[in-house]
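First to last, the protein sequences are chains W and P. Numbering (the working numbering) for the first sequence: 1 to 310. Numbering (the working numbering) for the second sequence: 311 to 600.
Rather than coming from a laboratory, the hints here were simulated on the basis of the structure. Misleading hints may appear alongside valid ones.
Claimed, not checked - No farther apart than 30 Å at their CA atoms in a straight line, the calculated lysine-lysine pairs in the BS3-like style are these: (1) W:LYS45 to P:LYS414; (2) W:LYS304 to W:LYS190; (3) W:LYS300 to P:LYS474; (4) P:LYS324 to W:LYS111; (5) W:LYS112 to W:LYS45.
Single-letter residue listing:
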Amino acid sequence: MKEVYSIKSNRKEKAVVETVAQGIFTLCAACAALAVAVICFYMIKNGTPAIFKVGLKEILFTSTWAPAAAEPSYGILWIILTSIIGTTLAVLIGVPIGVLTAVFIAEVAPKKLVAVVQPAVELLAGVPSVIYGLMGAYILNPLMYKLELWLFKDSSTHQFTGGANLISAVLVLAVMILPTVINVSTSSLKAVPLHMRSASLALGASKIQTIFKVTIPAAWSGIITAIVLGVGRAIGEAMAITLVSGSSVNAPLPFNSVRFLTTAIVSEMGYTEGIHRQVLFTIGQVLFVFIMFINVVLTKILKKGAQADA
Amino acid sequence: MHKENSICGRKIRKSDAVLYALIYASAALAVFLILGIILYVFVRGVGQINWTFLTTASSFLKGTVGIAGNIVNTLIIIVITLLIATPVGVGSAIYLNEYAHPGKLVTLIEFTTETLSGIPSIIYGLFGMMFFGKIWGYSILTGALTLTIMVLPLITRNTQEALKAVPASYRQGSLGIGATKWYMIRTVLLPSAMPGIVTGIILAIGRIVGESAALLFTAGSDGKLAKSMAAFFGKIFESGGTLTIELYLRMSNGEYQVAFGIGCVLLIIVLLINASTKFLAQKFDVSAKG
Chain W
1 MKEVYSIKSN RKEKAVVETV AQGIFTLCAA CAALAVAVIC FYMIKNGTPA IFKVGLKEIL
61 FTSTWAPAAA EPSYGILWII LTSIIGTTLA VLIGVPIGVL TAVFIAEVAP KKLVAVVQPA
121 VELLAGVPSV IYGLMGAYIL NPLMYKLELW LFKDSSTHQF TGGANLISAV LVLAVMILPT
181 VINVSTSSLK AVPLHMRSAS LALGASKIQT IFKVTIPAAW SGIITAIVLG VGRAIGEAMA
241 ITLVSGSSVN APLPFNSVRF LTTAIVSEMG YTEGIHRQVL FTIGQVLFVF IMFINVVLTK
301 ILKKGAQADA
Chain P
311 MHKENSICGR KIRKSDAVLY ALIYASAALA VFLILGIILY VFVRGVGQIN WTFLTTASSF
371 LKGTVGIAGN IVNTLIIIVI TLLIATPVGV GSAIYLNEYA HPGKLVTLIE FTTETLSGIP
431 SIIYGLFGMM FFGKIWGYSI LTGALTLTIM VLPLITRNTQ EALKAVPASY RQGSLGIGAT
491 KWYMIRTVLL PSAMPGIVTG IILAIGRIVG ESAALLFTAG SDGKLAKSMA AFFGKIFESG
551 GTLTIELYLR MSNGEYQVAF GIGCVLLIIV LLINASTKFL AQKFDVSAKG
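Given these sequences and hints, build the entire structure.
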């Protein structure tokens, strides 16, 4: 670019550069919207054919998954239920621990301890999901297997899973959502103005009463956000639980080997073709619908929270 | 906070004591899990790491195990992804923060950016396989393009935060002495926002290094090393597995020793990334400088 320091000089050239710059930035910004549109389109385009071929009711509401049988059956009811129940249980375990840890970091712990705990939690958030899977498969599954052997030693009907079962997967997921829940809750707890706590303490409430009756309710919208983000992370996680949850499609009972929406895709996408492959895309579509639903709910909450803060 | 919040003798309520115990127990459990996982992977994996492991590809003939091919693949994917995602992400943030007027378009773009960051990686994997994979098959390029969409929100959001932290006086001063808007962005805003942009890039690297589900069906799993320069560039159009993919495959085969070795390498990278973002955040705090 020419450096000319006159207000009369190349105004036209400058105007062109300005317009071009603005155009490029607008294009960049449009990329995100475009990407979402294309992803939506492709998920629908590839997931829908199987629905027409097999039938929506057959896929969603029957429970026999036998794509390789002579008379193939593509019911994914157990898979959907596994994802819902597994995620719910993981959230029920992970969220209380996460929120209480956040309370510890934001309210209770001395500064020196916070300086250790908080970076550790942030570090946990960056650990690749396969490492959680590795720990689950190497440590949790053998433990579960021992428990299984002990619990079902007299049972003749139980199918032994080697410890790869719903409980193992739920525990891995519960640990995986911890960092998200802790980080988001901590920052929302820290954002509660000091005077609210002071007022409560001045009225004679104990510190614990203040935390549970004043601070946590005040930070509630942030905590809900943390929970919803945790749900999103748990329902979308694939690699960490593929090996931990077992590999056969079963009813989501604690000691059954189960398949989640995500793991169903991972374990079969590599080699399938034809209708079987299209049904896998439909599974992806179901997962996508769940995620979009969670996203919309999240946005609603965030907006509400922003209004409440204002 | 003050310990004595009562003027009379302190009596601890039972419910208080129970809740305190729960809080301490949760925090202890969380810390135990974190340290447990990290230490365990280190202890099990560190013995696996040696020069052959890091600098050669696995060889059946010699019977050695090496992850150099996977390291190179990971680096190539990082470079390609960032080459595309950084300009687009930064440009998007500049538009949102400097040009756009609040309205439907901005709401739409911000909503879609949020949505992108909420989509799980397995969906990206499926999409990448159907969209980019149709053209380039299982290849490093397919993987990198898929990841580009995935890390886009990360870079956009960090840049946006950084731009918001640049004081308005910088803009006014620059425009006031006659700079055009683009000139102001180029010479004043971007340099001031650089730490935020770099933080976004580092976080994106972290995400790419840790990613597995989005790569399994896009970039594939090959772990060989390129033998010549031509082969190296040709590799972009061939299948290539990153460290995480290799870890996953080893784990599926029950080769836990190797898996822990790779896990250890990954954890070291994560630690480095964490440390460098911390360092950047402290060193270049624009808002603190005023």
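Comparing the hints with the structure gives:
1. Between LYS45 of chain W and LYS414 of chain P the CA atoms are separated by roughly 27 Å; this keeps the pair inside 30 Å, and the hint holds.
2. Restraint check: the Cα-Cα separation between LYS304 of chain W and LYS190 of chain W comes to about 19 Å, which is no more than 30 Å; the hinted pair holds.
3. Using a Cα cut-off of 30 Å, the hinted pair LYS300 of chain W and LYS474 of chain P holds, with the two alpha carbons roughly 24 Å apart.
4. Restraint check for LYS324 of chain P and LYS111 of chain W: the C-alpha separation of about 26 Å stays at or below 30 Å, so the hint holds.
5. Restraint check for LYS112 of chain W and LYS45 of chain W: the C-alpha separation of about 54 Å exceeds 30 Å, so the hint is violated.
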